[in-house]
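Engineer: Read off the chains here:
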Amino acid sequence: MDASATLAATAPHLGLALAVVLAWLLIGLLGLVAIRSFEFISKVLFPAGSIVSLCLAVVAFAALPAQPETAQLPLGLPGLPFHFRLDALSAYFLFVIGAAATGISLFASGYFRRGEGTPPGILCFEYHLFLASMALVVLADDAYCFMVMWESMALSSFFLVTANHRVAEIRRAGYLYLLVAHIGAIGILLCFGVLQANTGDYSFANMRAQQLGPFWASAGFLLALFGFGAKAGVVPLHVWLPEAHPAAPSPVSALMSGVMLKTAIYGLLRVSFDLLHAPLWWWGLILLALGLVTALFGVVYAAAQVDMKRLLAYSSIENIGLLLAGMGLAALFTAYGIRSVAALALTATLYHVASHAFFKALLFVGTGAVLHATAERSLGKLGGLLRFMPWVGWLSLVGVLASAGLPPLGGFVSEWLLLQSFLFTPDLPNSFLNMLIPAVAALIALIAALAGYTMVKFYGIIFLGQPREEKLAEAHDASALERAGMLWLAAGCLALGLLPVQFAGALSAITEQLTGVGLGATLAANAWLLVPMDVARASYGPVIFLVGVALCCLLAYVLVRRFYHGRLRRAPPWDCGFPFQTARMQDSAEGFGQPIRQIFEPFFRMERELPTASDTAPRYRVTLADHFWHWVYLPVARLVTRFAQAIAWLQQGRIAVYLLYSFVTLVAVLMLVRA
Amino acid sequence: MTFLGAISQLLAITAALLLAPLLMGWVNQWRAWMQNRSAPSLLQPYRMLHKLFHKESVVAEHATPLFRVVPYIVFGAMTLACGIVPTLSTELPLAPAADAIALVGLFALARVFISLAAMDIGTSFGTLGARREMLIGFLAEPALLMVLFTASLISTSTSLTTIVETLAHRELAIYPSLAFAGVAFTMVSLAENARVPVDNPTTHLELTMIHEALILEYSGRHLALIEWAASLKLFAYSCIGLALFFPWGVAEAQSPLALLLALPVLVIKLAIGGIVLALLETINAKMRIFRVPEFLATAFLLAVIGMLVRILLGG
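The listed protein sequences derive, respectively, from chains S and B. If you count by our numbering, then the first sequence holds residues 11 to 685, one letter each, in order. If you count by our numbering, then the second sequence holds residues 8 to 322, one letter each, in order.
Hints are computed from structural coordinates only; laboratory data are not their basis. Be careful, since some hints might not be right.
Unchecked claim - Under 10 Å between C-beta atoms, here's a sample of chain B residues computed to sit facing chain S:
#1 Glu63
#2 Val66
#3 Ala125
#4 Arg138
#5 Arg139
#6 Leu151
#7 Ser159
#8 Ala220
#9 Ala265
As the structure is a computational prediction, the values presented were derived from the model and not from experiment. A virtual CB, placed ideally from N, CA and C, is assigned to each residue, including glycine.
Given the sequences, and given the hints that come with them, work out the whole structure.
Structural biologist: Here it is as structure tokens:
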């Protein structure tokens with residue numbers, strides 16, 4: 011009691027944040043106690059978790075402009091306490107976790123059903139443990155605490171992914187996820203080993219104080235990039251993402267994609283901008299190149315998918331790529347000392363963290379509602395759901411528009427800021443870079459436009475048109491709690507789109523922490539106009555924009571209604587007079603992917619089976635596979651298998667031989683110790 | 008917002024609404040003449056709109072509300088676009104709300120909505136059209152942005168009014184970078200406005216349709232709004248082109264006289280632009296849909312070259 015009182019006095023925000031985490035853990039434990047009482051868990055525990063998340067978002071937002079707060083808790087091993095720190099960067103990611111989890115938990119309370127494979131109480135425990143460990147990852151202030159939380163985040167999410175563990179495919183996806191997560195964790199661990207510079211003190215404060223030479227600093231950065239890249243799904247470490255996201259229950263996919271991937275972005279920002287305080291210019295170039303490759307790869311694959319959750323998973327890869335590119339630009343500008351532009355690029359990156367969290371969570375829970383209503387994940391068996399599930403349909407439209415990067419929603423603001431910061435690259439003193447990088451802005455534009463294509467495909471095939479199966483007509487809309495969760499997330503997308511001045515202004519505390527420049531006043535001409543640096547340079551006012559469009563629409567509507575009769579007749583669709591129309595004649599998901607497969611053919615490993623003219627039973631089949639799976643993963647797997655086979659002869663299966671091994675080892679160790 | 012600013016904003020939008028169908032009529036007339044056909048009247052588009060507005064609207068049985076809302080959204084978006092582009096004056100109170108990037112976003116918004124509406128009925132041609140429209144969209148959008156970026160590198164601003172003001176007072180008669188950008192912009196405009204060689208606005212062959220396939224299910228007042236919006240889009244693109252490459256004559260000073268003079272100048276420039284468009288459409292043949300990516304990739308590369316010329320040579 012005494013300790014908590016001092017914590018509340020010295021670090022009020024941090025204390026509250028830790029209390030929230032404790033509340034999550036308590037809710038999880040209550041779930042374990044009431045392991046089979048489904049009603050209690052879904053009607054009480056999950057909504058309570060949602061309210062707790064909202065509290066966390068509020069506390070974290072209040073902590074954004076506040077001074078950093080630190081605390082030590084005597085948890086963990088004796089003599090090795092957990093350090094926690096709440097500064098602007100961690101407060102922001104804490105806010106994103108809380109705000110997104112509010113909507114996702116609300117949705118989850120209506121989502122989980124009986125017979126998901128895992129008892130509801132255990133799901134509830136894993137879910138809240140997952141939330142708590144994500145929050146603690148962001149709050150951790152020493153490598154030990156960070157790694158413990160990072161691992162518990164990976165493990166709790168692994169069990170959530172494999173909730174429906176009776177399906178072999180899901181077990182396989184979970185295994186892949188666990189494997190890549192741990193390979194990544196090794197990278198992070200080694201990175202912290204480099205960063206503490208032989209002092210033996212693994213607190214972040216010590217790492218911040220070390221001055222590493224360029225070689226060790228770069229080694230630390232590259233290890234961090236590998237480790238966090240594996241978690242974020244950076245190409246070529248992305249293979250687990252399109253497997254694990256579709257396998258997990260939808261609220262969990264929403265959490266993983268919307269929130270968990272961001273903890274990796276947080277880690278990368280923390281290491282490269284804070285702990286290593288001065289990024290080198292070529293780190294920025296690597297981040298930028300890797301980010302663009304990841305983004306282009308993600309969006310091209312997303313456009314070719316035929317499974318709705320896989321499509322969203324690839325779209326997450328794309329967004330992670332955009333975040334990485336923004337971060338790379340910020341690192342480049344920081345390295346060259348153009349700190350105000352670095353702050354602008356960083357603002358764009360951070361803004362996208364929040365907007366992606368909201369719209370991707372919204373889309374994932376939307377697919378969850380569709381999945382429950384129709385039991386179909388394949389786009390080829392959906393269609394026309396807007397008529398049967400209007401709530402889910404219309405709310406998903408908001409997410410789709412935000413994801414396509416259209417004004418006036420959240421996705422556009424970050425894209426706009428990012429493109430603006432690209433236009434400052436002629437200021438760079440490196441002539442090679444300032445020639446290359448504006449052309450790269452074109453790639454960002456292409457990625458954004460392809461995202462629009464993908465989203466039209468996603469929405470049009472699921473929600474519009476005619477139902478492709480008869481049973482779809484019986485699809486029911488989401489329950490009240492699910493609607494409330496989606497409504498919250500959609501409101502977030504809208505708010506991020508319409509209030510960029512207020513929100514981007516709040517981010518200046520972070521840019522000040524990481525680049526030394528807060529953009530506060532230079533980001534706004536007035537309460538409604540967002541500007542980078544200077545009004546003459548550019549400005550964007552989403553509210554005026556929205557009011558303008560709405561006024562024009564309204565005026566058109568009123569005038570049309572006023573001056574002309576409003577006669578309307580319902581008739582069968584015309585379709586150029588063709589009388590025999592069935593739902594099968596609509597364009598399919600494969601059809602939508604066809605131009606992409608043709609234009610971006612080298613991106614795919616394609617197997618085609620085309621019918622010949624003389625086939626009695628013609629069959630058309632095309633399968634897409636990932637190049638990286640064949641280029642990287644299968645060779646590594648073969649190598650490991652061969653190595654294992656090579657040392658298999660050590661296992662003779664006779665006790666005498668094994669005793670000999672022990673003896674030889676013992677002698678060798680003794681000699682080593684004596685020497 | 009000054010009084011004159013409000014006036015010029017209103018004037019710009021009104022002029023766009025009234026002149027856009029006229030521009031369409033003008034292009035159609037010239038195209039007919041160049042192709043040795045007898046031309047429809049200049050006022051034919053207005054008659055068309057009048058007729059459509061008076062007709063009963065027939066909507067498919069299972070159309071969702073989205074289908075009926077989209078014509079208004081598209082029309083509103085295009086009207087706003089015409090209000091942002093400096094057509095008559097650079098004194099536009101709405102202009103700070105959206106710069107060149109937001110304008111591209113606005114066009115994308117309209118494109119996404121009309122594609123979604125085309126998919127709403129679930130007919131074979133509608134979805135086909137939606138897919139093709141989005142295909143052209145994602146190829147054209149980066150090229151358009153690169154063109155706008157080249158201009159904004161010259162004026163160090165993405166605000167369209169600032170770009171026009173800087174370019175109107177330039178030292179060079181012609182920027183080499185803008186010459187590349189100009190060609191790229193023309194190609195993109197042809198694609199975005201569904202003109203030959205990418206699409207044929209007068210086609211009757213369903214399999215080659217793009218824009219017409221999208222709006223196949225619309226009729227009556229909804230179709231009228233969409234047709235009007237299409238002409239507004241052509242108007243907006245023409246005005247962007249004029250603003251970037253021939254910015255002279257747009258009113259800048261706070262004088263009502265310059266504003267009055269800007270209108271005849273704009274009409275003359277548009278008239279010449281319309282003839283060029285008709286000529287381009289006459290001497291080109293429509294290409295196969297899978298040649299379109301090559302066509303637009305060329306536009307994109309030209310725009311990037313323009314940008315590099317600007318950065319490397321400062322021209």
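Engineer: For every hint, state whether the structure bears it out.
Structural biologist: A quick look at each hint next to the structure:
no.	hint	in the structure
1	Glu63	holds (4 Å)
2	Val66	holds (6 Å)
3	Ala125	holds (8 Å)
4	Arg138	holds (6 Å)
5	Arg139	holds (8 Å)
6	Leu151	holds (8 Å)
7	Ser159	holds (6 Å)
8	Ala220	holds (9 Å)
9	Ala265	violated (21 Å)
In summary, the one numbered hint that this structure violates is 9.
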